[in-house]
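Participant: Here are the chains, one letter per residue:
2 protein chains.
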Amino acid sequence: MSKKSKVTPWEVEIKDENDYERLIELFGVSKIDDNLLEKIKKHTNDLHILLKRKFFYAHRDFDKVLDSFEKGEKFFLYTGRAPSGKMHIGHLIPFILTKWLQEKFDANVYIQLPDEEKFWAKKVNDYEKIKELAYYEAKIIASLGFDPNKTFIFINSEYIKNLYSAAIYVARNINFSTAKAVFGFTGETTIGLIFYVSLQIVPTFFENSYPVIPCGIDQDPYFRLQRDIAEKLGYKKASTILSKFVWGLKGPYTKMSASDPSTTILIDDDFETIKQKIMKYAFSGGQPTLELHKKLGGNPDIDVCFFWLRVLFEENDKKLKELEESYRNGTLTTGELKEYTALKINEFLEKIRKNMKWAENNLHKFMYDGKLASEMWNWKFEPKV
Amino acid sequence: MSKKSKVTPWEVEIKDENDYERLIELFGVSKIDDNLLEKIKKHTNDLHILLKRKFFYAHRDFDKVLDSFEKGEKFFLYTGRAPSGKMHIGHLIPFILTKWLQEKFDANVYIQLPDEEKFWAKKVNDYEKIKELAYYEAKIIASLGFDPNKTFIFINSEYIKNLYSAAIYVARNINFSTAKAVFGFTGETTIGLIFYVSLQIVPTFFENSYPVIPCGIDQDPYFRLQRDIAEKLGYKKASTILSKFVWGLKGPYTKMSASDPSTTILIDDDFETIKQKIMKYAFSGGQPTLELHKKLGGNPDIDVCFFWLRVLFEENDKKLKELEESYRNGTLTTGELKEYTALKINEFLEKIRKNMKWAENNLHKFMYDGKLASEMWNWKFEPKV
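If you read the sequences in order, they're chains S and Z. One point on numbering: in the numbering used here, the residue at position 130 of the first sequence is 272, and numbering is uninterrupted. One point on numbering: in the numbering used here, the residue at position 127 of the second sequence is 269, and numbering is uninterrupted.
A couple of the hints might just be wrong.
Cut-off 16 Å, straight-line C-alpha distance, at most; resulting in silico cross-link-like pairs (EDC-like, lysine to aspartate or glutamate) [to be verified]:
no.: 1; chain 1: S; residue 1: Lys271; chain 2: Z; residue 2: Glu300
no.: 2; chain 1: S; residue 1: Lys374; chain 2: Z; residue 2: Asp268
no.: 3; chain 1: S; residue 1: Lys496; chain 2: S; residue 2: Asp412
no.: 4; chain 1: Z; residue 1: Lys322; chain 2: S; residue 2: Glu330
no.: 5; chain 1: S; residue 1: Lys522; chain 2: Z; residue 2: Glu300
no.: 6; chain 1: S; residue 1: Lys386; chain 2: S; residue 2: Asp161
no.: 7; chain 1: S; residue 1: Lys526; chain 2: Z; residue 2: Glu270
Chain S regions said to be covered by chain Z (calculated; three or more residues, Cβ under 8 Å) [what the hints assert, rightly or not]:
no.: 8; stretch: 319 to 325
no.: 9; stretch: 337 to 343
Simulated from the structure, these hints should not be mistaken for laboratory data. None of these values were measured; they are calculated from a predicted model. Where is the CB? At the ideal position from N, CA and C, for every residue including glycine.
In isolation and in its complexed conformation, chain S is listed as follows (with noise of 0.2 Å):
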């Protein structure tokens, strides 16, 4: 890494692609190439485009759970977010390729919303306010079409006497040095904190089939924590698929910050407010005059539309090519690329809007009574050594 580059799950800079290929290296995981997205597809026919197009860029494992599953051995899907009552669509990810992945692979899901632990980082001083946005964040998430009978969404203090029985075995097994090695806790790090590790783990011990967990690259270090502790505790390894992260608005490598809405798009943001903050603020690989881009042609490497339609909203490999051509030859202009743009997130946003009151009505089937919550808020650990 860069000397400025940091990632723990509360600090994360990266300043280029070089970073990510030493974060490879650093965590020890491997690169999702061809030969992964072959074996993938052999069972899902076609590949998601957060795959396709690499923005899941590393995984740890998830090769072997392949194998296991060829032999008849199912896995379940596991992520999460900390709620904070604003999600951008950066925050989706996870869920997007998760939800894909329940389908392709009918497999269960569950989903962490830790309300304690921003609070306990520091990130938020509001926890009554964070806690009652969980729910509303939950519903955001069951919107993507999640079965609920097969995915469980979980609020941490709701369901903490559940995760409880675990956290007292996994806590005994990680002591202060490491959690200080892997996360790089102070003398400043609150006692919550330190123990919230735990928490993030339980969750790979409720089925014990292989756990695989896709998020951040930033969240690895629990899951490496894990894989030290887990077969002692008679369960299996988790497994990780791993991605970068996304831009904000302000350019390459900028953050999306959803207290600033010059960064960011969220998942609230109507047609309108999508395109005036695109107009306005999305970084642009283009000219600084419309003369200078018909003759010169803009950089579709740097620019901040060009991203999120290859990360995720323009499927369609034709046509993502033909805009960069399009772009880097001066016939597609910024204004026109940025249209389109907020025009495609829209879209993507609108099937969210329209979900939304299935997902409310069926918030509790999530939450509490559908077929596999049902069976959780039975769920005790048993550690089986």
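Put chain Z on the given structure of chain S with help from the hints.
Facilitator: Chain Z in isolation, oriented as in the chain S frame:
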């Protein structure tokens, strides 16, 4: 403290009475003096032997709590014990005083059984067994005669959802360096034990009035931390009533270890066992031979039987004085003293044995559906800020 003396909740070493004096300075607590005892007596008429003989020898703010009580402000009592399945007579001491205070001040009592603590401290290895045994210990504690409608006994892993609503706040307000300074945590400390600090503090917020905590002085560090954060969360600073440590059978300032029969009288021991253990193991202040004893007399100050008679089993001051005198002048032999002590201990334990059936029948009230317990299963922390 002498250099070798250590006091944290997990490491206790006291070499002599001076160490107790130094602890008072080190912790910044106050001595329980005759003024305070008089102040207590105003409300209680008599004084419990554990106070009168000053085995509870230090306190924090109990004088202020009594001042408030005189103005009509109630307080509540809180104590507890990490279950291990083997309780010795020393373990009863905080509960005995707590029960007496409940009766005299008509106070609610909260008793925490943290089933995870010793597992996280790596003092026990079989968590499931400990959890099972916790119910047995709850019965023993209840058998001391607590009021089943004013006493709530809870096992942490059962009651965690309620505890967690406050632990979220407590664990945010304590950082690692503070916890380390107070408890001497190292890199080897499990992340569970670090978090546990918050769980022992939580019950001090069960009511808005003063929490009063009778406990061994080794537990004071938790409540010093509590005092740093209580008012910030809108609650009252904890008051502690602090005891010395009991002597094991092997002699002055040794420990009772439930796992070593030669050091300890267990609650389960029958009269024959008690007598045999005392005869065989109890360190004596008498002379090596009966002849010498009759000639030179014994020393009650270093005698384990006298320790226990003074602290708990001989309430009659006059009788105790007579015993001491006749031991010093050699007319009371070690054999007679041991026999008498065994009888007194047995007399005390017989009350517990007799009450066990009642405790068993009423345990549900203490734990689940008595007046206080049923209220507490609906309790949720509300920071008053």
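Participant: Next pair to validate is S:Lys386 with S:Asp161; report whether the Cα-Cα distance is within 16 Å.
Facilitator: This hinted pair holds, its Cα atoms lying about 10 Å apart.
Participant: How does the coverage statement for the stretch 319 to 325 of chain S fare against chain Z, requiring three or more residues with Cβ below 8 Å from a Cβ of that chain?
Facilitator: It holds: at least three residues are needed, and the stretch 319 to 325 of chain S offers 3 whose Cβ sits within less than 8 Å of chain Z.
Participant: Regarding the pair S:Lys496 and S:Asp412, is the alpha-carbon distance no greater than 16 Å?
Facilitator: Status holds; Cα separation ~13 Å.
Participant: Taking 8 Å as the Cβ threshold, is the statement that the stretch 337 to 343 of chain S is covered by chain Z upheld or broken by the three-residue rule?
Facilitator: The restraint on the stretch 337 to 343 of chain S holds, since 3 of its residues have a Cβ under 8 Å from chain Z and three suffice.
Participant: If you draw a straight line from the CA of Z:Lys322 to the CA of S:Glu330, is it 16 Å or shorter?
Facilitator: Within the cut-off at roughly 11 Å; holds.
Participant: Regarding the pair S:Lys526 and Z:Glu270, is the alpha-carbon distance no greater than 16 Å?
Facilitator: Distance ~12 Å between S:Lys526 and Z:Glu270 Cα, so the pair holds.
Participant: Hey, S:Lys271 versus Z:Glu300, does the alpha-carbon distance stay inside 16 Å?
Facilitator: violated (26 Å)
Participant: Starting from S:Lys522, check that the Cα of Z:Glu300 is at most 16 Å away, please.
Facilitator: Given that 16 Å is the threshold and the Cα spacing comes to 12 Å, the pair holds.
Participant: Is S:Lys374 within 16 Å of Z:Asp268, Cα to Cα?
Facilitator: Status holds; Cα separation ~14 Å.
Violated hint: 1 only; the structure is consistent with all others.
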